[in-house]
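Whenever a hint applies, use it, and build me the whole structure from the sequences.
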Amino acid sequence: MDPGAASGGAAPGSGPAPGPGPREGGRATAVRLGLMAVPLVFFALFFAYPVGAIVGRGLDTDAGWRFGRIGEVLARPDIIGVLWFTTWQALASTVLTLLIALPGAYVFARFEFPGKQLLRAVVTVPFVLPTVVVGTAFLALVGRGGLLDELWGVRLDTTVWAILLAHVFFNYAVVVRSVGGLWAQLDPRQEEAARVLGAGRFAAWRRVTLPALAPAVAAASLMVFLFTFTSFGVVQILGGPAYSTLEVEVYRQTAQLLDLATAAVLTMVQFAAVGLILAVHARTVRKRETALRLVDPGRTAHPPRGWAQRSLLGGVLLTVALLIVLPLGVLVERSFDAPGGYGLAFYRALQDEGAGGGTFLVPPMEAIGNSLEYALAATAIALVVGGLAAAALTRRAGRFVRGFDALLMLPLGVSAVTVGFGFLITLDEPPLDLRTSWILVPLAQALVGVPFVVRTMLPVLRAVDGRLREAAAVLGASPLRAWREVDLPLVRRALLIAAGFAFAVSLGEFGATVFIARPDEPTLPVAVARLLGRAGELNYGQAMALSTILMLVCAVSLLVLERLRPDKTSGEF
Amino acid sequence: MTLLQLDGVSVRFGERAVVDSVDLAVAEHETVCVLGPSGSGKSTLLRVVAGLQRVSAGRVLLDGADQAGVPVHRRGVGLMFQDHQLFPHRDVGGNVAFGLRMRGSGRDESAGRVAELLELVGLPGARGRAVASLSGGEQQRVALARALAPSPRLLMLDEPLGQLDRGLRERLVVELQGLFSRLGTTVLAVTHDQGEAFALADRVVVMRDGRIAQAGTPLEVWQRPASEFVARFLGFENVVPATVSAGVAATPWGKVPVPDGSPEGERLVLIRPAGVLLTDDGLRCAVESRTFRGTHVALLLRPEAGPSLEAECGLAGAPAVGDRVTVAFAPAEVVVLPTP
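Protein chains in written order, with my numbering: chain L, 1 to 573; chain H, 574 to 913.
What the hints contain is simulated information worked out from the structure, not anything from laboratory work.
Heads up, a few of these hints could be off.
[Said to hold, decoys possible] Quick list of the computed label-pair ranges, beta carbon to beta carbon:
| # | chain 1 | residue 1 | chain 2 | residue 2 | range |
| --- | --- | --- | --- | --- | --- |
| 1 | H | Glu743 | L | Ala37 | 52 to 60 Å |
| 2 | H | Ala684 | L | Phe113 | 41 to 49 Å |
| 3 | L | Arg305 | H | Ala703 | 31 to 39 Å |
| 4 | L | Ala321 | H | Ala705 | 33 to 41 Å |
| 5 | L | Leu480 | H | Gly642 | 12 to 20 Å |
| 6 | L | Leu559 | H | Glu743 | 31 to 39 Å |
| 7 | H | Ala705 | L | Phe113 | 22 to 30 Å |
| 8 | L | Leu480 | H | Thr790 | 52 to 60 Å |
| 9 | H | Leu756 | L | Arg305 | 20 to 28 Å |
[As the list claims (entries may be wrong)] Some, not all, of what chain H presents toward chain L, calculated at C-beta under 7 Å:
| # | residue |
| --- | --- |
| 10 | Ala623 |
| 11 | Leu652 |
| 12 | Phe654 |
| 13 | Gly672 |
| 14 | Met675 |
| 15 | Arg676 |
| 16 | Ser678 |
| 17 | Phe865 |
| 18 | His869 |
[What the hints assert, rightly or not] Some residues of chain H that are not near chain L, with every Cβ distance over 12 Å (derived):
| # | residue |
| --- | --- |
| 19 | Val645 |
| 20 | Asp656 |
| 21 | Leu673 |
| 22 | Gly677 |
| 23 | Ala716 |
| 24 | Met729 |
| 25 | Gly757 |
| 26 | Thr790 |
| 27 | Phe809 |
| 28 | Asp833 |
| 29 | Ser835 |
| 30 | Leu850 |
| 31 | Pro892 |
These numbers were taken from a predicted model, which means no experiment stands behind them.
We put the beta carbon where it would ideally sit given N, CA and C, even for glycine.
Written out as C-alpha cells, the structure reads:
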C-alpha cells in the first residue's frame, strides 16, 4: 500500500495521494470556507431568517416565548388528524410507488427494446412537472367531468385514491431512475457466480442482487416519502376539503385562518420530520457508497426472452401508458375540448385580458413570459449558490461538511408556504426591502433549485481525479488555470444538466411563489391554480390549456437534458 | 554539474515517516532510478521534487536554487504519472500541447513541436486520436511525449512501464534509454522492477521504509548488495548467518569460500544461485523442485544440513525432481554482508 492512502489523501482512485501537511490543511480549510461563504449567507438570509421569523411570530407573544402552544396545537383532534393523514398517505404512496415502479426499474435496467430511450424520457416527464399540472392532469382524468366520469361515472377526486395515484405518477421516475440506474450497472456475473456455487435462480437474486440493491431502494423510498410527506399542490387540488397534509394545513392556517401560531408549530413539526428523513437518507446513501462492482450498463441489457420476460415488459409498458401517458394525454385533450368543438378556443382565451372572471389584471398568457424570466433568474442564482456549495463539498468530507450537505437538502422538505410567507414578513424593511422587487420570486425558487444543482454536480466533481489537476500543475498550469483547463470541461455537461433541473423546478415552484408573486405578474402554476379556483367551463379549459403549455416547456427542457445526460453519472435524481 | 539535490528530506504523515532524511543528488544528463518495494516512499520522493508534496524537513534544490515556496507550476520539471493521467477531454495532440500552451507558445510553434514529439515516441499522425481509443502502450507514449514537450530540465517517471506487458516493456526500456541519451535529458525514475531499473539507469538508488538502503551503478548494486534487505529485494534467497575467517565462511551448509578481502567475523553470507555448482563431491542435496527459466534451469535444493538452497544449472543435464546431487560453492558469487 502506498503511504498516502493511510492518511486519507484527497485524490480519489488508486495510487499515491498523500494527505496535506499541516499548513496546506489550513489553506484548504480557508478555501473551503471562502467557497461556502456565499451559500451560507444565501441560506441564512433567504431561508433560516424567514422561516425563523415565521416560527418566532407564531410563538413569541408579548408574554414571552410560549412553547406550551406546541403541546396545545399538537393535542387538537383536527391537527392529530392532519398528522395521521400526512404520515399514512406518504407511507401508502411510497409502498404503492415501490410496488409499481420496481418492475419498471428491472425492465429498464436489464431489457433492451426499441424506444427505450424515449420511454425513459417519458417516465421522467412527471418528475419535473409542476405539482399543479399533475393535480390538474389527474383532475382531468378522475375529477368531476373527467374522462372516467364521462365514461363510467367514476370520480376519484376528493378521495385518497386520486392523491395516491398522482403521487405514484409523480415519483415513478425517482425509483426507476435511481434504482434502475444502479441495477443496470450491477455485474450479472456476480449472480452467475452464485449460481455456479449452487444457488438457485431466486436464491442468487436474494443473496447477491438484493443486498447490493437494498440501499438504493431504501434511499429512493426515503426520497419518495419525503416528497409525498410534504406534498402540497397535488393534495391542494385533488384532496378537496376532506384531506389535508401538513403543508396544505400550514397554507390554510396561514393564508385563510391567519392562525400563525398553529402554522408555526406545524412548520416546526414538518421541519423535524424532514430533518429526520434527510438524516436517515444521508446514512443510507453513505452505505450505498460501499464498493460495488459496477459495469457499463450497455453490457448488462438484453432483449427480453421467453413469455415471462415479454409479459413483464408488456406489463410495464401498459403501466406507463395508463399511469403516465393517459393523464397527460387527457390533459392535452381537455385543453382542446372547447364548447364549440375541438379547437384553440381556450388558448385564445388565455390572451384575453378579462380571462378568469377578473382574477387577473393581465392576460394569463403573460404568465408564460413571467415564468420564463423568473425561472432563468432563479436558475442563475441556483447555479452560483449550488455550484459554490458543490465545489466546497468536493473537498475532503469531514463531519462539518456532511452537516452542510444535509443543510442544503432542507429546502426540499421545509414548507415552501412558510418560506414564501416568511419572505413577505421579513424582507420588507431596509436594507433588505425586496417586497416590491421582482427578485423575490427567483430567490424563493432558487432555494428549491439549489439541492438539485448540488446533487447533480457533486458526484461529477468528486469523480474528477485530483491527479489530473496535479498533471496540469506539473505541466505549468496555475491552480486557477488547472481548474479551468481540467475541472470545468469535465463538469460542463453536469453544469448544463443542473441548470436544466433548476430551471424545471423553478418553473414549477408553487408553494412559495403563490404567496410572493405579485397579482399582476403571476407565474404559470399560480395562474393555473387561480383559474382552477374559479367555477366555469372556460376557466377549467383555460387551466388545462395553461397546464399543457407548462408541461410542454418542462418536457422540452427535460428532453434536452436526456440528450446531455452522460450514462455513467446518473446522480441522485 | 548537479541538477537536483535533496538535503535531508523527510516527509511525515502523522507519526509515520514516509521519506526519512533522504540525501540524493542527480547530475545533469544522468538517469537515476529509485528502486524499492511499494510503500518504500519512492513515489512520495517524486511528488516532493515536483512540489506536489510538502516536506516535513530538508531542502530540495534545482540548479542550486532552493525550491521551498516555489509552486508546482513554476518548477519546470516534468512528471509522468504512474497511470498516465492523460486528460480525457482532450485528444492526443491537445494532451501533448498542454504544457506548451501553459508556457504561452504560439499555435504554429506548438503544432510543430507536437508533431516532432509524436514522431519521437513512435506515434506519428496520432494527433487527432481520442485518448480513450489508445492502448496501454500508446497512452504511455503519449504521456511521455506530453512530459517531454515543454523540455523540462528534469524528467521524472513514476513506474514508467509498470502497467505494460512484458514484451512491450522490454522493448520500451531500450527505446527510452536511447531516447534519453540522445536528448541528453536528466531523468529521475522510480520503479519496483529491478530489471527496469538496471536496464534504464546510470545509477540505482534502493529505498527501504523511506530511507536509502544502497546507491550505486546497476553493476555495483547487483554484484555487491549492501544489506540482506537489498539482496532479498533483488531476489536472492541464499542468505545465512556465518562466521568468516581466513577466506572461509562457516555456514549451516558447511564451509563456503569467500572472495579475498571480505570482512571477517560474525556476518551474513549471500551465495548467488549461479555460485552453487553441481559437482561430484561436496554438500549432498535432494532436488525439491525445478523451474525452467529459458536460458537456464532454477533448482530448489534441500541440503542434508541447513535451509533450502537455490541453484542454477544449464539446460543440458539438469537433474530431475527427487534426484540426489552434490554441490560446491564458487567464491566469485559469494558476498559477505554486514549483520543488520
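Here is how each hint holds up against the structure:
no.: 1; hint: H/Glu743 with L/Ala37: 52 to 60 Å; result: holds (56 Å)
no.: 2; hint: H/Ala684 with L/Phe113: 41 to 49 Å; result: holds (47 Å)
no.: 3; hint: L/Arg305 with H/Ala703: 31 to 39 Å; result: holds (35 Å)
no.: 4; hint: L/Ala321 with H/Ala705: 33 to 41 Å; result: holds (39 Å)
no.: 5; hint: L/Leu480 with H/Gly642: 12 to 20 Å; result: holds (18 Å)
no.: 6; hint: L/Leu559 with H/Glu743: 31 to 39 Å; result: violated (53 Å)
no.: 7; hint: H/Ala705 with L/Phe113: 22 to 30 Å; result: holds (28 Å)
no.: 8; hint: L/Leu480 with H/Thr790: 52 to 60 Å; result: violated (44 Å)
no.: 9; hint: H/Leu756 with L/Arg305: 20 to 28 Å; result: violated (59 Å)
no.: 10; hint: Ala623; result: holds (5 Å)
no.: 11; hint: Leu652; result: holds (4 Å)
no.: 12; hint: Phe654; result: holds (6 Å)
no.: 13; hint: Gly672; result: holds (4 Å)
no.: 14; hint: Met675; result: holds (4 Å)
no.: 15; hint: Arg676; result: holds (6 Å)
no.: 16; hint: Ser678; result: violated (11 Å)
no.: 17; hint: Phe865; result: violated (33 Å)
no.: 18; hint: His869; result: violated (35 Å)
no.: 19; hint: Val645; result: violated (4 Å)
no.: 20; hint: Asp656; result: violated (6 Å)
no.: 21; hint: Leu673; result: violated (9 Å)
no.: 22; hint: Gly677; result: violated (9 Å)
no.: 23; hint: Ala716; result: violated (9 Å)
no.: 24; hint: Met729; result: violated (9 Å)
no.: 25; hint: Gly757; result: holds (21 Å)
no.: 26; hint: Thr790; result: holds (27 Å)
no.: 27; hint: Phe809; result: holds (25 Å)
no.: 28; hint: Asp833; result: holds (43 Å)
no.: 29; hint: Ser835; result: holds (37 Å)
no.: 30; hint: Leu850; result: holds (41 Å)
no.: 31; hint: Pro892; result: holds (41 Å)
Checked against the numbered hints above, the structure breaks hints 6, 8, 9, 16, 17, 18, 19, 20, 21, 22, 23, 24 and satisfies the rest.
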